[in-house]
Amino acid sequence: MNKKSYSVKKLADVAKAISEGDFYKEANLKLKGELKRLAKYIEETRKKLQYIDSPIKSTTKSFPEASMQLSDITRQTEEATHKVISLTEKILDDQSRLTEILKNLKKFVSNNIKKENKEIKSIINNIQNINISNKKDLIDLLTALSFQDLTGQKIKKIISLVQDVETKILVLLVSFGLVDKKKREEMVSELKDPSKSIDLKQDLVDDILAEFFE
Amino acid sequence: MSNLKMKILIVDDFSTMRRIIKNILKQLGYSNIIEADDGSSALTLLKKDKIDFIVSDWNMPKMSGLDLIKVIRSDEKLKSIPFLMVTAEAQKEQVMKALQEGVDNYIVKPFTAEILKEKIDKIFSN
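Line by line, the protein sequences give chains A and B.
For the first sequence, my numbering assigns the number 1 to the initial residue and increments by one for each residue that follows.
For the second sequence, my numbering assigns the number 215 to the initial residue and increments by one for each residue that follows.
Hints are supplied without guarantee of correctness; some may be wrong.
[Said to hold, decoys possible] Okay, derived cross-link-like pairs now, DSSO-like style, lysine-lysine, Cα gap no bigger than 30 Å in a straight line:
(1) B:Lys240 <-> A:Lys136
(2) B:Lys219 <-> A:Lys157
(3) A:Lys154 <-> B:Lys311
(4) A:Lys90 <-> B:Lys219
(5) B:Lys284 <-> A:Lys156
(6) B:Lys293 <-> A:Lys136
(7) A:Lys135 <-> B:Lys276
(8) B:Lys240 <-> A:Lys154
(9) B:Lys276 <-> B:Lys293
(10) B:Lys284 <-> A:Lys136
(11) A:Lys90 <-> B:Lys276
(12) A:Lys90 <-> B:Lys221
(13) A:Lys135 <-> B:Lys323
(14) B:Lys331 <-> A:Lys83
(15) A:Lys192 <-> B:Lys276
(16) A:Lys136 <-> B:Lys331
(17) A:Lys135 <-> B:Lys311
(18) B:Lys333 <-> A:Lys154
(19) A:Lys156 <-> B:Lys219
(20) A:Lys83 <-> B:Lys221
(21) B:Lys293 <-> A:Lys61
(22) B:Lys311 <-> B:Lys333
(23) A:Lys154 <-> B:Lys219
(24) A:Lys83 <-> B:Lys276
(25) A:Lys157 <-> B:Lys311
(26) B:Lys333 <-> A:Lys83
Quick caveat, the hints were computed from the structure, so don't treat them as lab data.
Using the sequences and the hints, build the whole thing.
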């Protein structure tokens, strides 16, 4: 039998099977099998998603906490730096007063103590030199405190990065998880809106978490 | 030479940095100093007061130091005010950008009181 006549024979068999109802029986059986497999797949995926839910939930809740901890570091170092600046300012003020006192003392010694004032003058000069050196050290100490600005700026960048990653995860969650298209678009647009304050975004985050996990 | 009585505006979003710069300027003999925490509040002060010299940070919320210098240099009344940028941005391209926008000098944080004095002297000797 050649190829052509074989195909014709096959077609004829199929036509016969359809006419006798066997084809639908077979098709129904196949469809049932497919649906069963699909249902099993959905059930398995649902179970797997439950495992994923938990890390996403805890991760999404950890992000604001991480940002808060970082903000606390900035706030605490800022407070400590202000304290050190205040004390340094006070010592600088005292140091200025001391400069004035020493100047007056030197003048007084020159005018009133005629004899043996060389030694007293030398002592005053030494105190003046220590005072000048202290002033320089205090100013160096002040400038060294600018570390707070530099570390603060770096922490700010990390906070913004953490918030960015959090937003991206939430956008993914909403984009792939929400069936309601209108609600999905609203949430994504709100999440991406840079003008929204952090607190407002936190409300949105809570809405999303409620939508997905509660 | 700079006038010790001139009015100086310090612009920085970090209050500690404003205090540090203010203290150094005071030790250098300047006493007429006001502060702003970003470019936009600096502009409000600039329109209200006669400012002789600006010491500004680059990275700030609302309006950056770079945007501030752009506005100042395009404003007839403000464009001649000397402007010193004090920032953590130390890349060559950024320094070039700031100079192109019209800053008179540039200090990279952290800096010393000597550097601040040297830069101020340089700005006012020109």
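Task: In rising order, the numbers of the hints this structure does not comply with - done: The structure conflicts with hints 2, 6, 7, 10, 11, 17, 19, 21 and 23, although it agrees with all the remaining ones.
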